[in-house]
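Undergrad: Assemble the dimeric complex from its two separately framed chains, guided by the hints.
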Amino acid sequence: MKRLILSLLLLTSAPALAVDPAEMLKDPAQEARAREIGAELRCLVCQNQSIDDSDADLAKDLRQIVRERISAGDSDSAVKQFLVDRYGDYVLLKPPFNPKTWLLWLGPLGLALAAGLVGRAYYRRQRREGAAPQPLSAEEQRELERIMKDQG
Amino acid sequence: MKRRLAYLLPVLVFLGLLGFFFRGLFLDPKAIPSVLIDRPVPQMDLAALPGRGDTGLKSEHFKGQVSLVNIFGSWCVSCVAEHPMLMRLKAEGVVPIHGIDWRDDPVQGMLWLQKNGDPYTRVGTDPPPGRTAVDFGVTGAPESFIVDAEGRIRYKHVGIIDERNWRQTLLPIIKELQK
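Residue numbers (the working numbering), protein chains in the order written: chain A, 446 to 597; chain B, 68 to 246.
Hint data in this document are derived by calculation from the structure and do not stem from the laboratory.
Don't take each hint at face value.
To be verified - Derived DSSO-like pairs (lysine-lysine); straight-line CA-CA distance at most 30 Å:
1. Lys223/B with Lys130/B
2. Lys246/B with Lys130/B
3. Lys182/B with Lys223/B
4. Lys539/A with Lys223/B
5. Lys525/A with Lys125/B
6. Lys223/B with Lys157/B
7. Lys223/B with Lys125/B
8. Lys223/B with Lys545/A
9. Lys242/B with Lys125/B
10. Lys223/B with Lys525/A
11. Lys125/B with Lys182/B
12. Lys539/A with Lys525/A
Unchecked claim - In silico negatives: residues of chain B with every beta carbon more than 12 Å from chain A:
13. Phe88
14. Gly91
15. Leu92
16. Asp112
17. Ala115
18. Val147
19. Glu159
20. Pro173
21. Thr188
22. Ile227
23. Glu230
24. Asn232
25. Leu238
What the hints assert, rightly or not - Simulated coverage check for chain A against chain B, where a stretch passes if three residues somewhere in it have a Cβ under 8 Å from a Cβ of chain B:
26. 503-510
27. 530-539
Even for Gly, the Cβ is constructed at its ideal location relative to N, Cα and C.
With the rest of the complex left out, here is chain B (with noise of 0.2 Å):
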């Protein structure tokens, strides 16, 4: 019996690094767990996009209500694709959506925003070296959070907003903080 054990051995070890290796395989490098997690939003107080008639974005616009921040970028090629999304959702009025204009232009984001619709409630510009995305733990645009009406960060979404990831994810957790 333990001979059989020492023969068997190898092949379980194997098969277990099988395993480990084929979850692997699956495993998006890029997605990496959030830090800021529960904890508030960075203190901000960014700039209004020339002409858009907002007043910008700070901090304290984050408290009283559920809302979506979007960063985003008039350089940012996937943002094209998922803006007929941020549009869509703005119809439905599920959220609002506050953008973070990243390492942009203003007058280009202001004309990206005229060409392409403009689904966000307030917009702010975050000039390179884009401090409010870096305490936001930015690594690429788009990227969205999730903040409760206390002004917390509750969860970070990295990529595209599509269908899918609203449906099964994001969505249920808006609805869950707005109870």
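Next up, chain A with everything else stripped away, as it sits in the complex (with noise of 0.2 Å):
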């Protein structure tokens, strides 16, 4: 009991973020604002962590110049282009669909579509092979009754 507990108490908690409070904006709706757009932000030096969960040195800058952006009246795209700007949409978690991705976008979509077509054309075949079976020939059809004969 005890252990179902604590893993549903470690299961529902949120991650430590590394957003010093400090850091933190004053109007609760522009901190939110920095949160979200924070957590679509690449940190450039971990590379796989938003600048939100990094405790690097950049992305403590990116967040400092992510707040003043807002504060500055900023919108969230606006705010997102300021950054695309400097470091391409490499900086962005989620990429883009532009003509330069859409093959990462659309490449899974791909193969699943190319292999359910190779997937129907064999079942199909095999449906049709299978309706009409070959004849046996005739050293098959002799092997046939030697064991038909063996066991009545």
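TA: And the structure:
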């Protein structure tokens, strides 16, 4: 029981973010926006963490800069664009859909589709061939009769 | 013929993937192409290091000649390894090198240069949150940029400048831009 409660608590607890209380904006609504944006921005040092999750100095700097842009009245997309202008699409954890990334987005779908088509063709042929079995050769016929006689 | 193709296709796809992943083994995930290439250097007005005798680093300083900008810091371990190379480049005098002392205490930056040698023509300090470094799209130190005589960024080099990448990559670009 204790274990169950403990694991439930661990499952439902929020991850510890790197955001320092001193970094936070006074306006809770603005701070919430900063968190939302920060979660979508890549920490360029650790590469697979968001800037909110990372303790790297650069992530800290970027968190501060995001908050400055928000305080200056930038919209969410303007804040992200500010960083994309400097670091490229790479800074976004979720890559945008554009000519460079369409293969990334559509690739899995295309592969699944190709697999489906190949599978369908395979089963169709199986069914067609199964419906009209090849007649036995003379040798196979003799073998069959021998087995039937043994069994009988 | 068609049947044989159907059998060969998975093998070909597999070989294709194999080639793809094999190449991936040797790609550097830290080498991210810069979006700033061919764009003007960011607007900057960086304060000088105390007692160094220059007036810091401004955007105007990049006009008129090809230059190399080097992002460093007294806290940066790899910069110590890169430094002798920069000192040599200064002695050769091929290109002026400007330094940006990134996320550093200016006093520490100055002491570091006094200890290791000062290869820079001008140095600007970029204290946290490193606005100029972020404007340059810097992800770590050392990083260097080749800037042309019109003040446009033409090349970004991530990591240490060494004999090899200097001869093979950086120097040819600089020579070309100096023509």
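Undergrad: Decide, hint by hint, whether the structure agrees.
TA: Verification of the hints:
In summary, the hint linking Lys223/B to Lys130/B is supported, as the alpha carbons are separated by about 18 Å, within the 30 Å threshold. Among the hinted pairs, Lys246/B with Lys130/B is consistent with the structure: their alpha-carbon atoms are about 16 Å apart, no more than 30 Å. The suggested pairing of Lys182/B with Lys223/B holds, with an alpha-carbon distance near 27 Å, which does not exceed 30 Å. For the hint pairing Lys539/A with Lys223/B, the CA-to-CA distance comes to about 25 Å; that is within 30 Å, so the pair holds.
Our distance criterion of 30 Å between C-alpha atoms is met by Lys525/A and Lys125/B, whose separation comes to about 26 Å. For the suggested pair Lys223/B and Lys157/B, the alpha carbons sit about 19 Å apart, so the restraint of at most 30 Å is met. Between Lys223/B and Lys125/B the alpha-carbon distance is near 19 Å, which keeps this suggested pair within the 30 Å criterion. Of the supplied pair hints, the one linking Lys223/B and Lys545/A holds, its CA atoms being roughly 21 Å apart against a limit of 30 Å.
Under the criterion of a C-alpha separation no larger than 30 Å, the hint pairing Lys242/B with Lys125/B is consistent with the structure, at around 24 Å. The hinted pair formed by Lys223/B and Lys525/A meets the criterion: a straight-line CA distance of about 22 Å does not exceed 30 Å. Pair hint Lys125/B plus Lys182/B holds up; C-alpha atoms about 25 Å apart against a cutoff of 30 Å. Under the criterion of a C-alpha separation no larger than 30 Å, the hint pairing Lys539/A with Lys525/A is consistent with the structure, at around 12 Å.
Distance check on Phe88/B: its Cβ is at least 14 Å (rounded) from any Cβ of chain A, clearing the 12 Å threshold; non-interface status holds. Distance check for Gly91/B against chain A: the nearest CB is about 14 Å away, which clears 12 Å, and the non-interface claim stands. Listed as outside the interface, Leu92/B is consistent with that label: its C-beta sits roughly 17 Å from the nearest C-beta of chain A, beyond the 12 Å cut-off. With a cut of 12 Å on Cβ distances, Asp112/B stays outside the contact zone with chain A, its closest approach being about 17 Å.
For Ala115/B, the requirement that its beta carbon stay farther than 12 Å from each beta carbon of chain A is met, with the minimum near 22 Å. Interface exclusion of Val147/B from chain A stands, the closest Cβ pair being 18 Å apart, more than 12 Å. A cut-off of 12 Å between C-beta atoms confirms that Glu159/B is not in contact with chain A; the least separation is 32 Å. The beta carbon of Pro173/B is kept farther than 12 Å from every beta carbon of chain A, the shortest such distance being approximately 17 Å.
No Cβ of chain A approaches the Cβ of Thr188/B within 12 Å, the least distance being about 25 Å, so the stated non-interface status holds. No Cβ of chain A approaches the Cβ of Ile227/B within 12 Å, the least distance being about 17 Å, so the stated non-interface status holds. At roughly 27 Å, the least C-beta separation between Glu230/B and chain A is larger than 12 Å, which holds for a residue marked as non-interface. Remark: the non-interface label on Asn232/B is consistent with the geometry, its nearest Cβ contact in chain A lying 21 Å away (cut-off 12 Å).
Every CB of chain A lies more than 12 Å from the CB of Leu238/B, the least distance being 26 Å, so the non-interface label holds. Evaluation of the coverage hint for the stretch 503-510 of chain A: fulfilled, as 6 residues show C-beta separations to chain B shorter than 8 Å, against a requirement of three. Coverage of a stretch by a chain is defined here by at least three residues with a beta carbon nearer than 8 Å to that chain's beta carbons; for the stretch 530-539 of chain A and chain B the count is 5, and the condition holds.
Of the numbered hints given earlier, the model fails none.
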